[in-house]
Amino acid sequence: MADVTGRDGDDRHTTDRSTADRAQMFLIGGLALALVLVVLVPVLNSAIYTENLATRGSSGAGVATTFQVRADVQRGVSDVVQQSNRKYAAYADQLAAVRAEVPVLEALYMRYDASDGRMLSLRYVTGSDEPGTRIHQDAVDDFRADADGNSTDDPTWTLVEQTPVVRNFRLAIPNRTTLAGTKTDAFRIVFDRDPATTGDERTVFLYNDGGATVVAVDGPGGSLGECRDATGAGTAVDVTAATVEGERCPALEFLDDVPSDFDVRYERGGNATGTYEVTVKRGGSTSVPSSPYASGNPDANDAVYGLTVHLYVRSSDITYQTDIRVAPGEADA
Amino acid sequence: MRAQAHTLEGLVAGLIVLSSLLFALQVTAVTPLTASTSSQHIENQQQASTHGLLKAAADSGALKRAVLYWDETGGYFHGSNPTGYYVSNGELSRFTFGRMLANAYDARGIAFNVHVSYQLADGGVRTKKLIYRGEPSDNAITARRWVTLTDHDRLYGSDEQPTATELNSSTAFYAPDVRSGDLYNVVQVEVVVWRM
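For the record, the sequence lines run as chains C and P. Using our numbering, the first residue of the first sequence is number 1, and each one after it goes up by one. Using our numbering, the first residue of the second sequence is number 1, and each one after it goes up by one.
Chain C on its own, in the form it takes in the complex (with noise of 0.2 Å):
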């Protein structure tokens, strides 16, 4: 007889073994798959979790609110500069009038931010005033002025003589057929470092080139360039904003570059008619003749130039303080 018995023990013992082998697999297996599905978590929240420190910014802080407030205050306060130089005639007064209306600007804009936590302090900085004067015709006329007193309008005469910086400089020709035709003739605005010397100028000139108004620029080095505007019937031309009829004009971005007390001179004025105005500072060597402004057009009154306030934010977050330079219309303000 054959040993059947052995060989078959022999087997259900291989058999035995092989099935408790793979069924331990099977748990070791599902451990496995287990350990990589909770490995893959930390991986993936370390990589959002970077993201989300990496993009953090300090707005939380009110940065932006207290820019805001910084800008809005130098905008109310120079209103309020350019109101009192229109309102009243002497100097004392305008500068008393902006000085008195800081404190009520500083309550009315305390109402606003009270309501969210934050205090602001507004106060005007003594002694950080700048005397002026603003010139300005307002009826349409052209642009020459009596500059030698003897009752005759010449066309070439000066306005200031050695001014430091000049602000809010605005012209505005209603029709453009009243400017010359060409460049020789155009009526021109001289920038002028020394009268003495030639070469050191710069000058815009502004004249009527077939239905078109063009403003060009030359400096000591050649052209500065040009721009042309023909819109409406007229042009506005604002110097120190660098604007012709509200487009930037890069032509006239030369105010920076003009070194410091300068003399504005108008030529040809008899090939221009509208209205200007402008103000200048009154420095240490300045003068403003008195002979082209005896008839009241153009007029000549003193005006605030600028002034420093200082203001002051704090909230729980951010406590922040500056000294504001108000000069509207000031060309890098």
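Treat the hints with caution; some may be incorrect.
To be verified - Footprint (simulated), chain C over chain P, 3 or more residues, beta carbon under 8 Å:
| no. | stretch |
| --- | --- |
| 1 | 51-63 |
| 2 | 92-99 |
| 3 | 178-190 |
Claimed, not checked - Here are the in silico distance ranges between beta carbons for each label pair:
| no. | chain 1 | residue 1 | chain 2 | residue 2 | range |
| --- | --- | --- | --- | --- | --- |
| 4 | C | Leu44 | P | Leu11 | 49 to 59 Å |
| 5 | C | Asn297 | P | Gly52 | 17 to 27 Å |
| 6 | C | Asp116 | P | Asn89 | 23 to 33 Å |
| 7 | P | Gly52 | C | Ala114 | 23 to 33 Å |
| 8 | C | Thr50 | P | Leu120 | 45 to 55 Å |
| 9 | P | Pro162 | C | Asp116 | 25 to 35 Å |
| 10 | C | Arg314 | P | Leu18 | 49 to 59 Å |
| 11 | P | Ser169 | C | Arg325 | 45 to 55 Å |
| 12 | C | Ala54 | P | Thr171 | 50 to 60 Å |
| 13 | C | Val36 | P | Asn89 | 20 to 30 Å |
| 14 | C | Leu44 | P | Arg133 | 30 to 40 Å |
| 15 | P | Gly52 | C | Leu44 | 28 to 38 Å |
| 16 | P | Val125 | C | Arg314 | 12 to 22 Å |
| 17 | P | Thr28 | C | Val125 | 50 to 60 Å |
Calculated from the structure, these hints are not laboratory results. We put the CB at the ideal spot given by N, CA and C, even for glycine.
Since the structure of chain C is already known, use the hints to place chain P on it.
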């Protein structure tokens, strides 16, 4: 006996895998920056663009013109009768500030409200709607700007040109003259922006 043990081991292995899957899915962090239509990134972006738009409007004078775009005879903003505020794009295109807002936000499915607050002589603050397009969502942002009004500022007509009426001689303007000097009032323009 062994078969039942094997079945049990198989069940336990399956349970371990399933519970680890559940654990992994629950523990993964959903932060405010997770991409969605209301994430923090979108709020920051809207805040920055609204600040920029308000600054551009204030610098160019469009904001002051919008605040003074008042019909003195009727006692409301030009063309906003009978509600007193603007809703549609056609109404907004009358003035520059409305056009700026519509150009910046309408094509992107972002809605905006504009509220104008002014002060009263007794110290209170009152708010008036300028543009109203519904209740903002929970993820709306606000940005604000102050406009200082002086006695000699002029009201603007429906063509956005200055009229001859100065503020201190106007009778129907919404903000009162709260100070006796040259100052008239300080007005706060608040823009609320949210994604629709």
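Structure-based check of all given hints:
| no. | hint | in the structure |
| --- | --- | --- |
| 1 | 51-63 | holds (count 4) |
| 2 | 92-99 | violated (count 0) |
| 3 | 178-190 | holds (count 8) |
| 4 | C:Leu44 - P:Leu11: 49 to 59 Å | violated, 29 Å |
| 5 | C:Asn297 - P:Gly52: 17 to 27 Å | violated, 43 Å |
| 6 | C:Asp116 - P:Asn89: 23 to 33 Å | holds, 32 Å |
| 7 | P:Gly52 - C:Ala114: 23 to 33 Å | holds, 27 Å |
| 8 | C:Thr50 - P:Leu120: 45 to 55 Å | holds, 51 Å |
| 9 | P:Pro162 - C:Asp116: 25 to 35 Å | holds, 33 Å |
| 10 | C:Arg314 - P:Leu18: 49 to 59 Å | holds, 57 Å |
| 11 | P:Ser169 - C:Arg325: 45 to 55 Å | violated, 33 Å |
| 12 | C:Ala54 - P:Thr171: 50 to 60 Å | holds, 57 Å |
| 13 | C:Val36 - P:Asn89: 20 to 30 Å | violated, 55 Å |
| 14 | C:Leu44 - P:Arg133: 30 to 40 Å | holds, 39 Å |
| 15 | P:Gly52 - C:Leu44: 28 to 38 Å | holds, 35 Å |
| 16 | P:Val125 - C:Arg314: 12 to 22 Å | holds, 21 Å |
| 17 | P:Thr28 - C:Val125: 50 to 60 Å | holds, 57 Å |
The structure fails to meet hints 2, 4, 5, 11 and 13 from the earlier list, while all remaining hints are met.
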